[in-house]
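Residue numbers (my numbering), protein chains in the order written: chain A, 1 to 297; chain B, 298 to 594; chain C, 595 to 891; chain D, 892 to 1188.
Quick caveat, the hints were computed from the structure, so don't treat them as lab data.
Incorrect hints may appear among the rest.
Stated by the list, open to error - Capping the alpha-carbon separation at 30 angstroms, the derived lysine-lysine pairs in DSSO-like fashion look like this: (1) C/K690 - C/K720; (2) A/K111 - C/K705; (3) C/K837 - B/K408; (4) C/K720 - C/K596; (5) C/K705 - B/K540; (6) A/K2 - A/K126; (7) B/K299 - B/K511; (8) D/K1002 - A/K111; (9) A/K111 - A/K126; (10) D/K1002 - C/K837; (11) D/K1017 - D/K893; (12) D/K1002 - A/K243; (13) B/K299 - B/K423; (14) D/K1017 - D/K987; (15) D/K1002 - D/K1017; (16) D/K987 - D/K893; (17) D/K1002 - D/K1134; (18) D/K1134 - C/K705; (19) C/K720 - C/K705; (20) A/K243 - B/K408; (21) B/K408 - D/K1002; (22) A/K111 - B/K540; (23) A/K243 - B/K540; (24) A/K2 - A/K96; (25) D/K1134 - A/K111; (26) C/K837 - D/K1134; (27) A/K111 - A/K243; (28) C/K705 - B/K408; (29) A/K214 - A/K2.
If you're wondering where the values come from, they're calculated on a predicted model, not measured in any experiment.
Protein chains: 4
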Amino acid sequence: MKPFTGTFPAVVTQMRQDQSIDLDACANHWEAVIESGVSGLIVCGSLGENQTLLPDEKRTVVQHAVAIAAGRVPVLSGVAESSTRAAISYLHDCEKLGVSGFMIMPPMVYKSDPRETMHWFRTLAKSTALPWMLYNNPVGYHTDVTPEQFTELSDVPNLTAIKESSANTRRITELRNLTADRYAIFTGVDDLFLESAILGIDGWVAGSGIAFPKENQQLWDLSRAGRWDEARVLYRWSQPLMKLDTHIHFVQYIKLLCQETGLGTEWVREPRLPLAGTEREHVLNIIRDALATRPRS
Amino acid sequence: MKPFTGTFPAVVTQMRQDQSIDLDACANHWEAVIESGVSGLIVCGSLGENQTLLPDEKRTVVQHAVAIAAGRVPVLSGVAESSTRAAISYLHDCEKLGVSGFMIMPPMVYKSDPRETMHWFRTLAKSTALPWMLYNNPVGYHTDVTPEQFTELSDVPNLTAIKESSANTRRITELRNLTADRYAIFTGVDDLFLESAILGIDGWVAGSGIAFPKENQQLWDLSRAGRWDEARVLYRWSQPLMKLDTHIHFVQYIKLLCQETGLGTEWVREPRLPLAGTEREHVLNIIRDALATRPRS
Amino acid sequence: MKPFTGTFPAVVTQMRQDQSIDLDACANHWEAVIESGVSGLIVCGSLGENQTLLPDEKRTVVQHAVAIAAGRVPVLSGVAESSTRAAISYLHDCEKLGVSGFMIMPPMVYKSDPRETMHWFRTLAKSTALPWMLYNNPVGYHTDVTPEQFTELSDVPNLTAIKESSANTRRITELRNLTADRYAIFTGVDDLFLESAILGIDGWVAGSGIAFPKENQQLWDLSRAGRWDEARVLYRWSQPLMKLDTHIHFVQYIKLLCQETGLGTEWVREPRLPLAGTEREHVLNIIRDALATRPRS
Amino acid sequence: MKPFTGTFPAVVTQMRQDQSIDLDACANHWEAVIESGVSGLIVCGSLGENQTLLPDEKRTVVQHAVAIAAGRVPVLSGVAESSTRAAISYLHDCEKLGVSGFMIMPPMVYKSDPRETMHWFRTLAKSTALPWMLYNNPVGYHTDVTPEQFTELSDVPNLTAIKESSANTRRITELRNLTADRYAIFTGVDDLFLESAILGIDGWVAGSGIAFPKENQQLWDLSRAGRWDEARVLYRWSQPLMKLDTHIHFVQYIKLLCQETGLGTEWVREPRLPLAGTEREHVLNIIRDALATRPRS
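Work out the full structure, taking the sequences as your base and the hints as a guide.
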């Protein structure tokens, strides 16, 4: 029985213009996401600006999310550290704060080789009793865990899920051919959702959908029901919004998107800056065009 | 009414060990492909080793294909030339030989910029009255025709189809959102077939499937019938074979695959060499593993 | 005794606005280049638009160059063919036309693997008695000949020179450490000339310098004389012009540069188009800025 | 008057097998480096494993280096943080610890765009009164500061030096043509040292040379004296060792190199692992071959 399946959106960390964390705004947003019917919540992922939060702040966000979810859905924390030692401390602290599991990334900054990558994930897995999802994103983090490596990792008992964000959908079929149903396979690439769903997946770490949670959940439900023609229509509508998730400014884009749908604000933590000039206008146009044709529920 | 839809396999040019063209072997292979129920045949594409055939040889292959098809299915020729002048000559000669249309590639060797690319395709389009398919493969040929450029090209009357081989399935949804049904969209990437089919396509320029034409046609038919669960099973089986189409040695791999299924030989034209050593063993193992689990018809 | 050392500029093929070859303009330009003191002349290279010339045209250009040079300097022809068979024909025909040797490129279009690349060069080497230079340009042609492969090729007697255009100057030191003085090493990257010269080279296949042959030859001579401080001053002046040689539009840029210095015209053969709009203005500004500060001779 | 010129080696952080920092081993190594005649010392750079040191550890290393140098040479600290807030804290703490300046990197993890990059460097510059060197390494850190951006940054008074590690030596000439002598230009790429030196540089952030400090300093001195032929001989000898600095495992390689020359040990901090198997053998062979032909002093 896999502990994690279904939609597990990765949420942003809402901030004020002065870059401080706005826990009330976080709560409002998370409520809307939970109410849409998601299966779980992921905080402190890439979209949550993990790498710019100070150690204490990350723990505060996690604690707050556990309190808000209040057992309705499991809360996972992203783990994005640059040293093994810091990662283990983080796992231990989050366990005490009551998370249900983790979404663990490869080491930050250093591009570990396959031997080091396997060592990293095995060492971290041993440091916690909780189930976890391996976040594979070689495009963003330059470290790749191949289907062959996932075959090797089959003996790690608490590694129960894969977030496949290689942007190479072939990986899903390769994983199924090599590991059958050993892992819950999540896609982590919004604008490859339908392509991934048809191949047979168990879950979705949605990004841009946190700004339009109802449609996002509906798209997932249509795919589970095999209502592919309806899913395709909804997917074509949402594509311009989903593409906001795969740009290098995806945090800024999705925060702006949340602002436009009334679920947050656009403020980010430095070194990120809020969008400006023609880029902000361009993204706003994409958002407003999409919202103008939003399907009636 | 679009002149080209359905499966249009791109076939190899069968050769003898001395690198001469074996027209009888071509005829045998093409017959098997036509009998599987394809909608058309493409000769002298990349898989047909267009760029290593001498000018006279290309024309001989085209003439032979038209004679073998004998009106049962349309025959298209790939157009892969490095100068505008040579490309126009080729279009004119093929028209006289009786082809039904073309699959036109960007200029070979030179990486044309967007202005030059548009000029190339418009100039060639004006040089023939026949319908043609634009083969977009920025991975293989370093020139990209974007969805925005396809919108601009909507006024070219005989450009009726797109072979989308960017390996970025997002392009299909982008094209549908921008150009609706203006073009017949073909996928040209075997191992992204199912991902492409779910998005809504009109055709498939199959590659590796020329070695197992029945299953290939069956996969296409299942997708058209919306029998996605069965399609997924067949797709997972065929993936290792389909991946042979996206390696830099795809010509050698697919010719070896044809040899193993009894539809041809592995001989290629230099500068290509037949596979050797561990690489040949590796590919043979993939092929034999797949054939051992071939679904019963 | 190495047959080729010193400056061997690769010249453009002068054309008229209607894209036909202008042999008189070629003659004028080649005269100016020869008079500047070069050690040899290379026609029908990349800069000579080899790949867009028809087979007969290439041979005409070669014949004309041999006649113009009239024994004053050796004439080499570039060899840029996509099949082994066509390349061998070309070698034979050029021998009869009186060239002194060749600058041979890897196969065009097909990205040969190391085994195929070695086979290609060995097969072509056996087809001619003339000395030749291997043109290694993995940036432009996607096929790389490594220093280790050059060590293996040491037993090919008529392979006497390397045109190193990997844009990785480390290669020169690696070649010297591995093959000492077995090969005459030419650099083929104008805007890495000084970096290459300090490492110890034997020659230079100059590109942009065909538009300002006197300064180009002077830069070479300063480097041979160990007058590095003067060379650096001249190199800094020429850098903006030399960078025109490493853009994807290098043919258009250098033809425009020749036009501005009175040594030719900007017309090119399709699929290339003459520069237009802001790009043309930008390049003209670079050229005019450089010419305004041209050192007095 | 530029505060930093000459050789400023970036040193490793010596560790024990249990991954703890070995301050005594650091002191021994730093003494050897200082005695070779360097102009300064850089700790907590990439080679110093900055990103895997805990916040307190970095400060301890800096404090220790200032004590060991004891005013003989300036000590700089690398600044490699992923948030602006953490970077400013680090600058303030190091000031109190007595450093003479900084080598500041772009944000870690996040790939800032040009606007954000400029904001990052300007914000950090304002936070300290000390002079600093901007470390530009788009190959390693995916953020590029172009010569045009350096022109813009000319008004930042304490930005006095550039560590150019783009591995594109053209940048040095471009910087000289655009900014003349505004900045002290250091090369940070060992195996492009001679190519960089001939173009006119002010300093060298040496890496592999910390394992053979005498020869490294000698190479620098020869280049300053214009004794290029002798420099070339020494450079050819050292190239295999210098190439150890540009591999993804450069920390492990250079620590192993230090171990072989008696100046340290190979232990690294996780997620890095010490080298193993054929890779370790391969690197040891390179090192031992080079040491066997070490020039007599």
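- Query: Does A/K243 lie within 30 angstroms of A/K111 when you go C-alpha to C-alpha?
  - Reply: Distance ~26 angstroms between A/K111 and A/K243 Cα, so the pair holds.
- Assess, step by step, whether the Cα of D/K1134 is no farther than 30 angstroms from the Cα of C/K705, and give holds or violated. Satisfied, since the Cα-Cα distance of roughly 27 angstroms is no more than 30 angstroms.
- Message: Given the hinted pair A/K2 and A/K96, is their Cα-Cα distance within 30 angstroms?
- Response: Holds: A/K2 and A/K96 sit about 22 angstroms apart, inside 30 angstroms.
- Is D/K1002 close enough to C/K837, meaning Cα to Cα at most 30 angstroms? holds (28 angstroms)
- Given hint B/K540 paired with C/K705 - CA-CA distance at most 30 angstroms: holds (18 angstroms)
- Pair hint outcome, D/K1134 versus A/K111 [Cα-Cα no greater than 30 angstroms]: holds (18 angstroms)
- Would the pair D/K1017 and D/K893 pass a check requiring their Cα atoms to be no farther apart than 30 angstroms? Holds, at roughly 19 angstroms.
- Item | Pair hint outcome, A/K243 versus B/K408 [Cα-Cα no greater than 30 angstroms] | Holds, at roughly 27 angstroms.
- Task: Decide if the proposed pair is consistent with the structure: C/K720 and C/K705, CA atoms, cutoff 30 angstroms inclusive.
- Result: holds (22 angstroms)
- Item | Restraint check for C/K837 with D/K1134, where alpha carbons must lie at most 30 angstroms apart | Holds, because 27 angstroms separates the two Cα atoms, which is no more than 30 angstroms.
- Message: Between the alpha carbons of A/K111 and C/K705, is the straight-line distance 30 angstroms or under?
- Response: Since the Cα atoms of A/K111 and C/K705 sit roughly 29 angstroms apart, the hinted pair holds (cutoff 30 angstroms).
- Message: Tell me if the straight-line CA distance from D/K1002 to A/K243 falls inside 30 angstroms.
- Response: Between D/K1002 and A/K243 the Cα gap is close to 18 angstroms, so the pair holds against 30 angstroms.
The structure shown violates none of the earlier numbered hints.
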